[in-house]
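**Q** Protein sequence lines, in the order shown, are assigned to chains P and Y. Every number in the working numbering is 725 more than the matching position in the first sequence, counting from 1. Every number in the working numbering is 104 more than the matching position in the second sequence, counting from 1.
Please note: incorrect hints may appear among the correct ones.
[As the list claims (entries may be wrong)] Quick list of in silico lysine to aspartate or glutamate cross-link-like pairs, DMTMM-like style, CA-CA up to 20 Å:
| id | chain 1 | residue 1 | chain 2 | residue 2 |
| --- | --- | --- | --- | --- |
| 1 | P | K766 | Y | E142 |
| 2 | Y | K132 | P | D744 |
| 3 | Y | K132 | P | D768 |
| 4 | Y | K220 | Y | D189 |
| 5 | P | K811 | Y | D119 |
FYI, nobody ran anything at the bench for these hints, they're computed from the structure.
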Amino acid sequence: MTVNELCQKCGFSAVVIPDGDREVTGCYTGDLLSWVMGRAKGDDAWITIMSNINILAVATLADVSCIILSEGVTVDGDIIETAKQKEVNILSSSLPSYETAVKVSEQI
Amino acid sequence: MSESLTFHFDVDGEDFTSAGQASVQVKKNLRRLGISPEIIRQVSIAMYEGEINMVIHAGGGTADVIVSEDKIEIILADKGPGIADVNLAMQEGYSTATDQVRSLGFGAGMGLPNMKRYTDEMIIDSVVGEGTTIRMVVNL
Ligand SMILES: Nc1ncnc2c1ncn2[C@@H]1O[C@H](COP(=O)(O)OP(=O)(O)OP(=O)(O)O)[C@@H](O)[C@H]1O
Ligand SMILES: [Mg+2]
Numbered sequence: 726m727t728v729n730e731l732c733q734k735c736g737f738s739a740v741v742i743p744d745g746d747r748e749v750t751g752c753y754t755g756d757l758l759s760w761v762m763g764r765a766k767g768d769d770a771w772i773t774i775m776s777n778i779n780i781l782a783v784a785t786l787a788d789v790s791c792i793i794l795s796e797g798v799t800v801d802g803d804i805i806e807t808a809k810q811k812e813v814n815i816l817s818s819s820l821p822s823y824e825t826a827v828k829v830s831e832q833i
Numbered sequence: 105m106s107e108s109l110t111f112h113f114d115v116d117g118e119d120f121t122s123a124g125q126a127s128v129q130v131k132k133n134l135r136r137l138g139i140s141p142e143i144i145r146q147v148s149i150a151m152y153e154g155e156i157n158m159v160i161h162a163g164g165g166t167a168d169v170i171v172s173e174d175k176i177e178i179i180l181a182d183k184g185p186g187i188a189d190v191n192l193a194m195q196e197g198y199s200t201a202t203d204q205v206r207s208l209g210f211g212a213g214m215g216l217p218n219m220k221r222y223t224d225e226m227i228i229d230s231v232v233g234e235g236t237t238i239r240m241v242v243n244l
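This is chain Y alone, in the form it adopts within the complex (with noise of 0.2 Å):
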C-alpha cells in the first residue's frame, strides 16, 4: 500500500438504530485490506465510540478513515455543542447522557476514554456552541 485510502461517511444524528453503521463499514473494509484483527478491533472500538457519541451528543457529524502505509487516521467532524471541559469529559464516569439514551446502555462515560485507551494518538478539538472534531491514530 503505498498511496493512502480515505473513507468518507456521514453519520445520521436521527437514528439511534442505525448507529455504529459506518464503523462496521470499516471493519468491513480493514478486513479486505487484510489489516491484522487487533488492529481492526482497536479501529473498531475507537471509532464505534466516536461514532455514537456524535449521534447521542452531538446531531450527527462526518466520519474519515484514511487508511496509509504506517498508521489508520480516524477523524471524527461534528457541529454540535462542543465540549465545555475536554479533561472533564475524558474521566472515566463522566457523563451527561439523558435516561432515555441511559436505558439503552449508553452513558457509563467510558467512551472517551475507551478512545483514548485503543488508540496511539488522539486530539480532541471543541469549541462551544460550534462543534467537535476528534482525530485518533491507529499505528500499523
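Bound conformation, chain P alone (with noise of 0.2 Å):
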C-alpha cells in the first residue's frame, strides 16, 4: 500500500505528501528518537507526537516511509516547507498513537 493509499483508507490528514507513491510495509510507534533510529525498519510508518525539526533527519536517516503524527499534533510552517523540499511525508491523526496504530495495521 502507498502511502496516499493509507492516508486516504485511514482517515488520516495530508499534512505534506512530496512522495506519496512510496510503499508503506510495516509501522512503528515512538517518540525518543535512537528508539526510532535503532528499532524502525525501513519503509514502516512511524507514529509519533514529536514534532520539533529533527524529525525529519530521522526520517530521512532511518528511511521511514512517512511519518504519522498522532494525538492531533501539529507542525510548524517551516517544518512542513523543509519536509517537501526533503521528500519527507507526513501525515497526521487526531486519534491516540494506539489506535493510528491499529489503523495502520488494518490496511498493511
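Grab the two chains, each in its own frame, and use the hints to assemble them into the complex.
**A** Printed below as a string of C-alpha cells:
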C-alpha cells in the first residue's frame, strides 16, 4: 500500500506528501528518537507525537515511508516547507498513537 | 571503485535545527554511488547518532566518510569534554542529556549502542578534557 492510499483509507490528513507513491510495509510507534533510529525498519510508517524539526532527519535516515503525527499534534509551517524539500511525507491523525497504529495495521 | 572517496563535513555545535545535515548529505552521496539500501541505512543511522552526539554533548566537530572498495569508514572527531567511562556510556539507557535536549526526543541513551549495532567495527578514543574520536566501519 502506498502512503497516499494509507492516508486516504485510514482517514488521516495529509500535512505534506511529497512522495506519496512510496510503499508502506510496516509500522513503528515511538517518540524517543534513538529508539526510532534503532528499531524502526525501512519503509515503516512512523507514528509519533514529536513535532520538532529533528523528526525530518530521523525519518530520512531511518528511511521510514512517512511520519504520522498522532493525538492531533501539528507542526510549524517551516517544518512543512523543509519536509517538502527533503521529500518527507507527513500525515496527521486525531487519534491517540495506539488507535492510529491499529488503523495502519488494518490496512497493511 | 578502485580508489577511495572522502567526504568531509564540519558539524556545527550551535545549531540544533540543522543537526543531521552531514548524515543526510552522506546518504545522498552513497545513493549516487549505487551503494545498496541496507548498507546506506546502516551508515546513515550510525553516522546520525554520532553527529547528533557531537552537537549535543561536544559542541560540534568534524565528520569524514571514506568510501573504498570493500568498506565505508566514518570518522567523527570533536574537541568536547570527552567521555570519562566509555563502557558506562555504551550501556543502553545511560545518558547525561539535559532536560531541554530530552524534550526534543534525544537522551534515551541509545545512540552509542545503535552505532555499535549498525556497524561492523567501532572504536572510541576519548580523553577527558580533550575530546572524542570515534571510528566506525561498515563492510561492503
Ligand atoms: N561526542 C561525545 N562527547 C562527549 N560525551 C559523549 C559523546 N558522545 C556520547 N557521549 C556521552 O555518552 C552518553 C551516551 O551517549 P548515547 O548517544 O548513547 O546517548 P544520548 O546521546 O545521551 O541519548 P540518545 O543518543 O539516545 O539520544 C551521553 O549521554 C554522553 O554523556
Ligand atoms: Mg546520542
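**Q** With a cut-off of 20 Å on the C-alpha distance, tell me whether K132/Y and D744/P pass.
**A** Between K132/Y and D744/P the Cα gap is close to 16 Å, so the pair holds against 20 Å.
**Q** Please work out if K811/P and D119/Y have their alpha carbons no farther apart than 20 Å.
**A** Measuring from Cα to Cα gives roughly 18 Å; hence the hint holds.
**Q** Is it true that the CA of K132/Y sits at most 20 Å from the CA of D768/P?
**A** holds, 17 Å
**Q** Can the restraint linking K220/Y and D189/Y be considered satisfied, given a maximum Cα separation of 20 Å?
**A** Roughly 16 Å separates the two Cα atoms, so the pair holds.
**Q** Has the given pair, K766/P with E142/Y, been kept, meaning a C-alpha gap of at most 20 Å?
**A** holds, 10 Å
Hint compliance for this structure: every hint is met.
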